[in-house]
Amino acid sequence: NVPLKHDSEYVIDGKIYGMPKAKIYRDDYNGPAVVGDYVTMVPHLAELDYKGNKEHEVRMDVFSQKVEVAPGVSYNAWTFGGSVPGPVLHVREGDRVVFKMKNRSTEEVVITKPFKGASPYFDQIAANQLQKHQPVVAPMPHSMDFHSGTVAADDKWATIAPGETIEFEWIANYAGTYMYHCGTSSVLMHTAMGQYGAVVVSPKEGYPTDKEVDQEYVIVQSEMYLEQMGDEYIYDHSAALARDPSHVVFNGHVSALSENPLKSNAGDRVRIHFLNAGPSGTSSFHVIGAIFDKVWAEGDPRNTWYGMQTVLLGASSSATVEFIVPEEGVYKLVDHEFADAERGAAGALYAGPR
Amino acid sequence: NVPLKHDSEYVIDGKIYGMPKAKIYRDDYNGPAVVGDYVTMVPHLAELDYKGNKEHEVRMDVFSQKVEVAPGVSYNAWTFGGSVPGPVLHVREGDRVVFKMKNRSTEEVVITKPFKGASPYFDQIAANQLQKHQPVVAPMPHSMDFHSGTVAADDKWATIAPGETIEFEWIANYAGTYMYHCGTSSVLMHTAMGQYGAVVVSPKEGYPTDKEVDQEYVIVQSEMYLEQMGDEYIYDHSAALARDPSHVVFNGHVSALSENPLKSNAGDRVRIHFLNAGPSGTSSFHVIGAIFDKVWAEGDPRNTWYGMQTVLLGASSSATVEFIVPEEGVYKLVDHEFADAERGAAGALYAGPR
Amino acid sequence: NVPLKHDSEYVIDGKIYGMPKAKIYRDDYNGPAVVGDYVTMVPHLAELDYKGNKEHEVRMDVFSQKVEVAPGVSYNAWTFGGSVPGPVLHVREGDRVVFKMKNRSTEEVVITKPFKGASPYFDQIAANQLQKHQPVVAPMPHSMDFHSGTVAADDKWATIAPGETIEFEWIANYAGTYMYHCGTSSVLMHTAMGQYGAVVVSPKEGYPTDKEVDQEYVIVQSEMYLEQMGDEYIYDHSAALARDPSHVVFNGHVSALSENPLKSNAGDRVRIHFLNAGPSGTSSFHVIGAIFDKVWAEGDPRNTWYGMQTVLLGASSSATVEFIVPEEGVYKLVDHEFADAERGAAGALYAGPR
Ligand SMILES: [Cu+2]
Ligand SMILES: [Cu+2]
Ligand SMILES: [Cu+2]
Ligand SMILES: [Cu+2]
Ligand SMILES: [Cu+2]
Ligand SMILES: [Cu+2]
Ligand code: NA
Ligand code: NA
Ligand code: NA
Ligand code: NA
Ligand code: NA
Ligand code: NA
Ligand SMILES: [Zn+2]
Ligand SMILES: [Zn+2]
Ligand SMILES: [Zn+2]
Ligand SMILES: [Zn+2]
Ligand SMILES: [Zn+2]
Ligand SMILES: [Zn+2]
Ligand SMILES: [Zn+2]
Ligand SMILES: [Zn+2]
Ligand SMILES: [Zn+2]
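Protein chains in written order, with the working numbering: chain A, -18 to 335; chain B, -18 to 335; chain C, -18 to 335.
Among the hints, a few may not be true.
Copies of the same chain are indistinguishable here, so a pair counts whether it falls within one copy or spans any two.
As the list claims (entries may be wrong) - Capping the alpha-carbon separation at 27 Å, the derived lysine-lysine pairs in DSS-like fashion look like this:
id : residue 1 : residue 2
1  : 113       : 185
2  : 113       : 275
3  : -4        : 244
4  : 185       : 275
5  : -14       : 113
6  : 35        : -4
7  : 244       : 2
8  : 244       : 275
9  : 4         : 275
10 : 47        : -4
None of these hints come from the bench; they were simulated from the model.
Construct the entire structure; sequences and hints are all you get.
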């Protein structure tokens, strides 16, 4: 295990609690907005190429980008790291994360240039220009709430003003796939504006099927509440309160997983870490033509379900699902709540021959 | 087990994959629209009077019927086999299904005559005239997606034109209660129009309580989205998109399970295979006066829950529930989401003396 | 175990069924509206200071109170025992409850006086004047449906007229946290008007963590459907049918758990029995800054989930959750369906130093 590091820390049932106070300060940092060796863009997950536990230095700055959600539909999103959803962080149960976030909402931050090549995240976002990022300025207080962290929320998830940086640590005490999001009021608005993503905490001893898995992907479902305003689209708070989404999307765009389908081959075992980020709706995740051989509720290997056609997930719930790809062909992925599938909650997996 | 049958087939973890390509053709078949020895009408389930595995020849033709949903409320449904929901297919884990479906949407198909006596399904539909079937013509492409099958969806679940027949095979690789439905776009519309039903795949080794069960029933919940148009009712796509159902029903009619209540006796163990067909809503299934002694999520005997007052099911999720009937009397069955119970999602079980 | 008591009773799988018929009569009772040694007000739970099983004499009379739901928003609630939600009953698996309820909807019943000191419930309601109870008269038939009881619903849950008393018995055959509510038609209306609460049936052998738990609380979530009518608020049945709540609340008031937060200390193990009373919506219960170490679905110790960020509960489903309080600080509790959190489904837990 990563050892205790600060005087304030203590252990209960093998888990570390009592992180030191968060630091909030101002600096002139203007480097890469996303830092971390195990940080990728959905649907990708970085491989954990180390044994045991590790301390991760991670940065996800907040800034605004105009992003596309559907053909012809873009809005000025509030983002972690420039994309909606934000970057995927992969760690192992027991790892320590030293996290930094600068609120750069007053700056025009360019996400795809000049950082190409700097990390898997930048490579992947450069390779997938579906969201068509354009920097915009939208000064606003923001915060970061990692569901994967067990800390005092009033301290670590504190709201910071534009220009401020917050720095805190958390331990990945529990395996699973977790939501992170901005926790600044109105949380409904801040999440709906684009501030959410996934942390995958792989179990210390792995999942029992680790050696059989051929592909491993991450999908984040979310609702968009946009209304047209002249040529533009803006967030519609009344629609968000009424649970009446304009779009429901996998990985931030109605076409994210159909323009760029997941890939596999007949006979493969595919694992998907599926997070329903909400902000309000449920998801009934289903793969057309397949049955989930295993489902780990919330991604914990102790929560095993078998042989499921569909898995129901509440807002900010996740499941790690696995299925055998039966044959060469095309398998659509849907929220089987068809009112949401019609709004865009659909994608595809293409399977080559065995 | 049913052995491998085609060169394309292979086994992974004891399950058979790699079914041969679907065949689509035209013929002049105009025989019984539903064929199958283990095919019944809800709430009935055929007894599996064979040992081990079996190959089933099953037909469920598509055609339209005007059906009643509530007193005075009928609409021109698109159906599998003439009823809403469609027939219940019962097989055993490991069985092979050779399935045929003719799209007879251009024909007036009479469901209750002259096929009375031809199979349990026809007997049961003739005995229960609540839906008051009347043949109508509604030419339309359709398809069949069995959640119980693990196959390439673009091949087996292909859409066929009026007059065409599709033929394909699938193996019941996983035990459980599964939805089937038309997968032709708009799936929201095709399912809401009436094209859904249940397949019960009994576990190879059974459920641990098989010997104690006194009655076994099937309930399919679904939402109807109908609007009045003069004297008629028609499907309301806006209401379906808005998740604003006009009716929510058990077994296709607001009175299906109150006009014809389930039957049992005090002290009996009752098993219900409950499927929430959606197309979009959740169901919180509850039996008033009883507690579910066992709940098998998705009908898989490995997914056991105990002592539940209510089971929450997403769209296209199922559960196999069992309860002891405490006393002689009347037990209402409800979706405990009372906004839906008020729309009709209610029924009853009548218990005689011990 | 509490032995069989009436000739009609019999045992199946160690559980007692076959309770005698309910009695309905008129008397001139005008004593305390709530009776029971193990009856408290949310979020409190009485300690079971006895070994083995016990017979409980419990009364919860029905009468109306004007209660506050949010600052400036009061309505004439229909109540069990004067509060919304009603009193919490705590028993042990196997206990017998002899229950009496008088329909006093024609009377002005004073809840906080003169019964102060009479039982934990009265002490607690007197100490927490957030709902600002004022007696009102609202003659109406009512009934009581305990989800914790296994009985003939048409007999025990029978509707009684104003002035009548109903008396029946039930056995707590199954451990777990259960909803009770008025089952009189329209059930949507009677529950939305305020007639619901929780029964906690502690497992015979306890939960495996009983010795580690430092605090034990009860939270009941529910939706309110109120519309303004001049200076008053009244129940809005159209909004209830449309699932468009005006308020979503923990323990009956938008500020119940923020004005009077739950209390603990860093390092504590906190247990919450969480019931989603609906009447229609789901809840995605989450504690900001914590992860649920254990979740027992429906409160049954055989239904264990581990390491969950959020637990999804349908209408009339419950979970018993436990978490370690990581540090001194403030932890907000929310329905992570943020459209509902914005309507009031939020509270807090304050943690002192370790
Ligand atoms: Cu924010
Ligand atoms: Cu959160
Ligand atoms: Cu169709
Ligand atoms: Cu489907
Ligand atoms: Cu109920
Ligand atoms: Cu009532
Ligand atoms: Na959904
Ligand atoms: Na299954
Ligand atoms: Na429902
Ligand atoms: Na229970
Ligand atoms: Na909710
Ligand atoms: Na977890
Ligand atoms: Zn890629
Ligand atoms: Zn924010
Ligand atoms: Zn499917
Ligand atoms: Zn029958
Ligand atoms: Zn169709
Ligand atoms: Zn009940
Ligand atoms: Zn108190
Ligand atoms: Zn009532
Ligand atoms: Zn959180």
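Return the numbers of the hints above that this structure violates; sort them in rising order. 1, 2, 5, 9 and 10
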